[in-house]
Each structure stands twice: as C-alpha cells, then as structure tokens.
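Given chain G, put chain V in place with the hints provided.
Chains as they are written, first to last, in my numbering: chain G, 1 to 174; chain V, 1 to 511.
Possibly wrong hints are sitting among the right ones.
What the hints assert, rightly or not - The following residues of chain V were derived to be distant from chain G, with all beta-carbon distances above 12 Å:
| no. | residue |
| --- | --- |
| 1 | Asp140 |
| 2 | Arg501 |
| 3 | Lys509 |
Claimed, not checked - Just some of the chain G residues that point at chain V, by a computed CB distance under 7 Å:
| no. | residue |
| --- | --- |
| 4 | Met1 |
| 5 | Leu26 |
| 6 | Pro37 |
| 7 | Lys76 |
| 8 | Met126 |
| 9 | Ile162 |
Derived by calculation from the structure, the hints in this document are not laboratory data. Think of the CB as a built atom: it goes at the ideal place given N, C-alpha and C, for glycine as much as any other residue.
Okay, here's what each chain looks like letter by letter:
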Amino acid sequence: MAITSPEKYWWKPADKEEKLWITIALLWCLVLTIMMPLMHVIGTQNPSVNPMKIRPQDYRTVSEAFIEKYKVGEEKGIPIVEPPDGADVYLRAQAWIWTPILKLKKGVNYKFHISSTDLMHGFSLMPLNMNFQIVPGHDNILNMTPTSAGTFHIICNEFCGIGHHTMIGKIIVS
Amino acid sequence: MANGSEFRTCPITGKKVFASTQNLIWINAVTAVVFILIGGIMAFLVGMTRWPAVHLLSADLFYRFLTAHGLNMLVFWIVFFEIAGLYFGSSVLLNSRLAAPKVAWLAYILMLVGAVLVDVMVFTGKATVMFSSYVPLQADPLYYLGIILFAVGALIGCGIFFGTLAIAKAEKTYEGSVPLVTFGLAAAAIIAVFTLACGAIIYIPTLLWSLGLITNLDPAVYRLIFWGFGHSSQQINVTAMVSVWYLLAVLTVGAKPVNEKICRFAFLLYILFIDLASEHHLLTDPTLSPYHKMANTSYFMYLAVLASMIHALAIPMTVEVAQRKKGYTKGLFEWLTKAPWGEPGFPAMIFSLFIFGFIGGITGVVYGTEQLSIKSHNTWALTGHFHGTVVGGTTLAFMGLTYYVIPLIFRRELIGKKLATLQPYIFAIGVILITLGMGGAGTLGSPRRHWDITFADAVIPFSFDPAVLFFTTIAAIGVITAVVGGAMYVGVSVLSVFFGRKMAPNEAKML
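One chain only, chain G, in its complex shape:
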C-alpha cells in the first residue's frame, strides 16, 4: 500500500502496458518539444524577439516626439496619430490610458514600441485577442502588419489600479 513501506525489492521492471503508455507519452512530449521552436522559426506570430531596455522618462520623451511629429487630430483629448509607412510606432501605456490613437494602413509593416511610464499593463488587442505584457523600463518591440481594415481596440489586462477597467485604446486600420 502507498501508506506502508514497499516490499524489500520494489525495483521491478515495468509491465508491458506501462511501458507502452510511457513510450506514447514521451513521444507526445517530444512532439510538443519540437513544435514550439519549429513554430518560432516557420510561424509568423511570435512574441518580441529583440526587446530593449528603456528608462520610463526616456520612453515618455520619444513617444511625445512621435505624437507631435505625426499628429493628425484628437478624440476626447487623446491625440490621433498617423505614422508614415514603415515608421517606428510608439504606443504608451499609463494609468489608465493608451496614447495615442493610431491610424495605420492595411498591409504595411510597422515596428511597434510598447512600454509603460508607470505600472505594469497588459496590451490586449481586440477582437483579435493578442496579448503582451507591458513592463515599465522595457520596450516590447513587435513587428506588426495589419492584415484587415477596421477599428481595433486595446484593453488593459494587467491590473493597474482602481481605474484599470476603463483603460481602452484604439487602432484604426484603413
């Protein structure tokens, strides 16, 4: 029994059924082990490969410069920015707003720099449901190409204080 000491010689070979099960399980684990790196190489949707460190105050400066350079309007006090094709895009998370609202073009590749100037936040692109952890002091660099036109929303899915549930951003793809 599992609550008493086993007999003296318990180091016994496994039965046929046990060996079969363990072999199948091990093979399946090996398939899984290979799948992840394989998808990393042949797949096109991966998390940030080359993240960078950036101080929150420096990130604020570059993201403000980005907004000033390409600003095309404003909605409810939030700047709307339309960067040129292939530009570096800065999306700033802070409690409890995503700045700016972005206007992007379908089929164009953008280099996203997403970081926070205060707490941790969660970038969650709706309705696609793509999620990334946003950490102050670190730049989550992602190459993104919009493949369909429309309005997308960014919700925050990392708890960031009492107003967490009001933190919504917007990306308009045309």
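Chain V only, in chain G's frame:
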C-alpha cells in the same frame, strides 16, 4: 507529552499517532479550513461582481476582495493544509515522533501572524495589489512582511518534515524504503524549499523598496523571481495532490501501487523539472530571449508533463487492480462502476484527477507554448486553467481527504455523512462550469482581474462579442454551485471536528 513520546495506535492502519503530531495536524488543518471559509466568501462576492447581471461590489472592494480571494485560497488554505499533510506523512506514516514539536508550533504561529497581517492589510485597502503584487504597484510594508513571516513559517514546517524523516530513519521506526505517499510528500517539500527561497529572494528586496530603502527594483526581474515563487508554489500543490490521490486510493479501495519504481521516478521528474516551467509566465514579456524561454517551457516543462502522464496511468491502474482483486472483473469497466461512489473520498479523487488532468493540465500545456501564450496571456482563460488545477485538482483532493482525517486522526465521527458524500459531486460540477465559462470567455479575450467587462466607464467605448456574456454567466452559475459545495465542506468538517461524537480508542470505523 512533554517529550512528545505519548502515542496511540490506530485501530485501522496500525500506525502510531503521537499526541504532539495529532495536535499539530489538528491546528494546521482547522486553520486551513478557516482560510478556505474566508476565501470562499470572497469567491462568491468576486464572482457575483464579475457577472454583469449582478455586478455586486464597488470597484474598490472588488479589487480588494479579489486580492484577498487569491491569497487566502492559493496560499493560506492550501499551505496550512499541506503543513498538516507533511506532519501526517512523516510522523504518522513512519510511526515516528515528530521532530521538535515546539519549533513546529513556532512555525505555525509565524504562519498565522503572517496570514493575519496580510489579510488585515488587504481588507483595509492598504494592499490592493493582487496575489502577484507586481512592482511598481506598491503595498504597505506590513503586507510584504506578512508574506515573509508566512513563508519563513512554512519553511520551518518543511524543516520539521525533513527532521522527522531523519529521526524515523535513525530510530528505525520503519523497514526498507519510505511509503510512496511519504516519498511524494518529500518531493513536495523539496520543491517547497526552492519555492520559498525564491519568495525570500524577491520579497525581502520588495519590503526594503516599500520602506524606501531601495529605489531601483526592476519590474521585469521581479516578475522572473516572483514566478519562481508564485508558480512553483502551485507545483508543491500538484505534487502534494498526487500524493493525496495515492493516499485516497488506499483509503477508499485499499489500492496498492502497481509499480513503485515508476511512481517514484515520476515524482523525481517533478523535482527536477517542474519549477523550470515557471518561466512560461514570461512568454510575452519584453525581457528574456525567446530561446531561453523556449528551453524552459518546452524541454523542461514537458518532462514534468510526462511525470503527470505517468501518474495519470498509475492511479487509475492501482484502483483497477485493487477492484479486480475484490472480484469486480466483469467486462472492461465493472471495477469502475462498482467503485465506492457513495463514499466521499472516491469521487473526490476521481473528479480531482479528471479536472486536474483534462481541464487544468491540458489547458496549461496549451497556454504554455510561445505562440498560444499570445492568445491567452492575462485573459480569463488563464484563470480558468488554474481553477482547474488548484480548485478542481488540489482543493477537491484535500477536501476528500479531510473526511478521513477527521475520524482517523481527530477521532471524531462525521456529522452529515450524506452531505459529505454529495459534496464532491456538487463542488466538481461547480468547478467544471467555472473553468469552462472562464475558458470560453477568456478565449474571446475577456481579461482577468477586471471589474467591469461592459466597460461602462471607459472614455473610448468598447464592447465584447456577446458570447463573452454567455460564458461569464456559465462561470457565475459555476461559482454559485462551487460555493454551495464549499459551504457543505466547511459545514461538515467544522461541525464534525468540534461537535462530532468522540470515538472510542479501539473503534475501527472509518466513515
């Protein structure tokens, strides 16, 4: 009593139960039940707020109570119960006196003071930081101190366990190898030492930071080391839970492990690999290289998965062999249909195995891959995953075990046996609905730790696919069901422990 040498012999198992051990198991287990009661009330309030049809609490109280729910359930309930389990697995199963009972009491007091301190801070709104307490979101220094005290107490508890193993070996209280359950609990205790060390490494600087003594605490480093504590503590639960499955298989059908070597090898795999898998929390983080993350989450994690697959065969196999020996040999499944389904321990074990494996385990492996982590990170699907593992798995197994601990160790007859028998069914149904609801809503993007999924107060309007509401409602029905099941558990165990008929010393009756 003074030197802890007074004991009685269990009329069913023939094990020696030392008075000092019995008292310590009693106090730790009873305290665990108090914390599951607090956590359960929070579960109900939080669940009913998350459901837009009710939306019970204010945002402030919701986030406070959600923090409390996480800590009281994930940490206090489970760890107090596990410490009781460690004392049982070492002292009772090995017929040995417990090493240093007074130090074990000190460990208990440290854990209790820590837990109370944390709860006071959380309920007074000074530590609304969630279970993960990610910096730079700051809590009151006393909150971090409470966590540290609790962890130190638990670490001492593990030390008592190892000390008792050494005493049992030196005093030759058993022959040959330790029982499988003790072996499994030893694996859990080894994982616990690593886990608590990670906790100390990260919480001590965080305490100093909250006091203003340290200024630069990198949030990304915090996340890495925190999850060495936060996820590894769940690995302790997994390992302890599997040990409890083997124990329940003995208590309910008298099962004997089919192959000790294989079962022990699987526990060894847990010790070696399960903690490295913690890095899957960082898959979408802008920090470590993808190759580092992949090595940890593919190679190492799947070897721990292999261990779970081995237990997934070994446990039903031991049950089947034991049942067939009793003569239930008709067809393929008579051993299962004629199993003691009317006794709480058996359905608790089977449902725990099923929910842990098929819901918690599979979702865990799926969400732990690099690309699918993008689809699930911080969504409610994650919450569904760990409710499958920790609630449907660990908690349900511990609940089932409680119904045997009360008569065997505390020598009290159960009050409300019918309720106890029904309880695992109701709780399991509740947890299955919770995990499915959370998983469905989360797959559509519903975030975790969120007060208002209708986004009524947001500057930029947004609303989810209506299916999110449907799945949230399923989860809410699950919450109500599981809370009923949880209340039945707390009711039966508290009534029995305090008011159950005291059993005669030689009364050989289990339920």
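Results of checking the hints against the structure:
Residue-level check passed: Asp140(V) sits 15 Å from the nearest beta carbon of chain G, beyond 12 Å. Against the 12 Å criterion, Arg501(V) stays outside the reach of chain G, whose nearest CB is about 25 Å from its own CB. Listed as outside the interface, Lys509(V) is consistent with that label: its C-beta sits roughly 18 Å from the nearest C-beta of chain G, beyond the 12 Å cut-off. Below 7 Å, beta-carbon pairs count as interface contacts, and Met1(G) has one with chain V at about 5 Å; its hint therefore holds.
About 6 Å separates the beta-carbon of Leu26(G) from the nearest beta-carbon of chain V, less than 7 Å, and the hint is met. The interface hint given for Pro37(G) holds, since its Cβ lies 5 Å from the closest Cβ of chain V, which is under the 7 Å cut-off. A cut of 7 Å between beta carbons decides the hint on Lys76(G): the least distance to chain V is about 5 Å, and the hint holds. Because the beta carbon of Met126(G) sits about 5 Å from the nearest beta carbon in chain V, less than 7 Å, this interface hint is met.
Interface restraint check for Ile162(G): the shortest CB-CB distance to chain V comes to about 6 Å, inside 7 Å, so the restraint holds.
Violation of the numbered hints given earlier is absent; every hint is satisfied by the structure.
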